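Chemist: With chain A's structure known, arrange chain B with the ligand on it following the hints.
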Amino acid sequence: MPITSTPLTIVAFIASIIAAPLVGGLLVGLDRIITARMQGRVGPPVLQPFYDIGKLLAKERVTVSSSQDVYVAMYLVFIVIATGLFFCGGNFLLVILLVTLASLFLVTAAFNSRSPFAEVGASREALQVMAYEPMLLLTAAGFYLVYGTFDVGSIVSYASLMSTPAIYFLPLNFIGFVYVLTIKLRKSPFDLSTSEHAHQELVKGVTTEFSGPTLAFFEIAHWFETVLFLGWVGLFLTWGGLVGTVVAILLVLLVYFFEIWVDNNFARVKWQIVLKSAWLVALVLGGVNLGALYLKLLFM
Amino acid sequence: MTATSKSPWIIHYDGSSCNGCDIEVLAALTPLYDVERFGIVNTGNPKHADVLLVTGGVNAQNLPVVQQIYEQMIEPKVVVACGICACTGGIFRECYNILGGTDQAIPVDVYAPGCAVRPEAIIDAVVQGLGILEAKRAAMRRGEDPEAATKTMKVKDGVVEMTNWDDPDDPGTPARFPEASSAMLPTYFQPGAQAASPEIAAAVATMRGGE
Ligand code: SF4
Chain A
44 MPITSTPLTI
54 VAFIASIIAA
64 PLVGGLLVGL
74 DRIITARMQG
84 RVGPPVLQPF
94 YDIGKLLAKE
104 RVTVSSSQDV
114 YVAMYLVFIV
124 IATGLFFCGG
134 NFLLVILLVT
144 LASLFLVTAA
154 FNSRSPFAEV
164 GASREALQVM
174 AYEPMLLLTA
184 AGFYLVYGTF
194 DVGSIVSYAS
204 LMSTPAIYFL
214 PLNFIGFVYV
224 LTIKLRKSPF
234 DLSTSEHAHQ
244 ELVKGVTTEF
254 SGPTLAFFEI
264 AHWFETVLFL
274 GWVGLFLTWG
284 GLVGTVVAIL
294 LVLLVYFFEI
304 WVDNNFARVK
314 WQIVLKSAWL
324 VALVLGGVNL
334 GALYLKLLFM
Chain B
14 MTATSKSPWI
24 IHYDGSSCNG
34 CDIEVLAALT
44 PLYDVERFGI
54 VNTGNPKHAD
64 VLLVTGGVNA
74 QNLPVVQQIY
84 EQMIEPKVVV
94 ACGICACTGG
104 IFRECYNILG
114 GTDQAIPVDV
124 YAPGCAVRPE
134 AIIDAVVQGL
144 GILEAKRAAM
154 RRGEDPEAAT
164 KTMKVKDGVV
174 EMTNWDDPDD
184 PGTPARFPEA
194 SSAMLPTYFQ
204 PGAQAASPEI
214 AAAVATMRGG
224 E
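First to last, the sequence lines map onto chains A and B.
Position in the first sequence (from 1) plus 43 gives the number in my numbering.
Position in the second sequence (from 1) plus 13 gives the number in my numbering.
Since the hints were derived computationally from the structure, they do not count as laboratory data.
Among the clues, some could well be false.
Claimed, not checked - Computed spacing ranges between beta-carbons, pair by pair: (1) B/Gln117 / A/Asn308: 42 to 52 Å; (2) A/Lys313 / B/Asn110: 36 to 46 Å; (3) A/Leu318 / B/Asn110: 41 to 51 Å.
All values reported here derive from a predicted model rather than from experimental measurement.
Cβ coordinates follow ideal geometry from the N, Cα and C atoms, glycine included.
Chain A extracted, bound-state conformation (with noise of 0.2 Å):
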């Protein structure tokens, strides 16, 4: 069943670009009022992200060099290119290239400043891109294997009309997933570039040049992000109709707690930690995986 551009995507495609920043703003909010809970505090309100937003916007507009802009508003152009084609269906492999290159245009931005911050904080970012990018590729290869096809809209057809999640057929990579899903959302232990919680070694990574309005892009491009990373999680455990897709969002969100609860309760590791265990748990897991599933068309 491969996908056509039929009207009904170009919608699901507006709608999803359109509704992703709202979402991923909410959850940005929820995340710092659960975060605030676990730490015996009230917390801030969950518009709060909005009002950051709407703050940084109004802020004059001073940059260190102009390009700079360019680059992390092509950030946010392709995250959000590649956050629509998810949602309506499109192809999951270029979906992951799409994010690759986004992620390589952030590298360029930190990079772009000279400032020994932020190019330590684009190193790291680079890094980190290198640590995920192999569990991202193999799980794509793990829906190829069960379903023939890398278009999202055809997994989720045959999904529903098998009525098992790829989560039945994808079990380790399924785990392993979530595992580089924490160096994607940028957390810790794996909050390496960006020092989200204001970790004083490295100022504020790779954002520690950005101010304003092109913080404001960066924050936006990151709620995008995170909705999109929940919609792989979403991938691996919906079985398509009301029922499964209720399941599967309630599924995913108890995915983003528990990336929550891992954030608040695991100090950062060393740069050599997160690359090597994230390509042990790419070759073990989504390897073995692969194998099984491999070894099951070859005796069927």
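Modeler: Just chain B with the ligand now, kept in the frame of chain A:
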């Protein structure tokens, strides 16, 4: 109220404080006071921050540092002097290397006195600063210079009074002074207060006369 006053991100700089006030600034971030309720985040990056909290007086060495942090911050921005050292030089005022309070280096918008300044007074001062932040944002919208458009208070001879930063004869608006913090001034700084002992009265007189 716009988003500007709902999301004040702070940066904290320790001038030559005794660390008493720094501990109180950090105390404001703890679960007991939890300033994140007001959207306040400690950024540690001048380019992200809206509010500069300075503790301790300005000395010859940290003068360019304070000025550089202030310059790197992006308009609209507000400076809060935390503790009596940051307001006037405080107990270190007469030291050979102390130039005085924060206002000797950069324009200060709100003074939060106290030794050490109480976390409630800091929160109060930041909330007061939000009004100024809004005024500066409005001035920017009108295309005016936000710093020139807003008035600031000054501490003169150990007595807190309101002045326009550019025009010392203008009495300014008293509303900007944190109500709760003014009660936390040392008693001999209270208007019309009687010194507890002749020794203190003499000390205060020397201090005021010495300027
Ligand atoms: S005001 Fe008091 S506590 Fe604060 S820095 Fe000065 S001496 Fe220390």
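Chemist: So, for every hint listed, does it hold in this structure?
Modeler: Verification of the hints:
1. Taking the beta carbon of each, B/Gln117 and A/Asn308 are about 45 Å apart, inside 42 to 52 Å as hinted.
2. Between A/Lys313 and B/Asn110 the CB atoms are about 41 Å apart, so this pair conforms to the stated range of 36 to 46 Å.
3. Between A/Leu318 and B/Asn110 the Cβ separation comes to about 48 Å, which falls inside the hinted range of 41 to 51 Å.
Violated hints: none; the structure is consistent with every hint.
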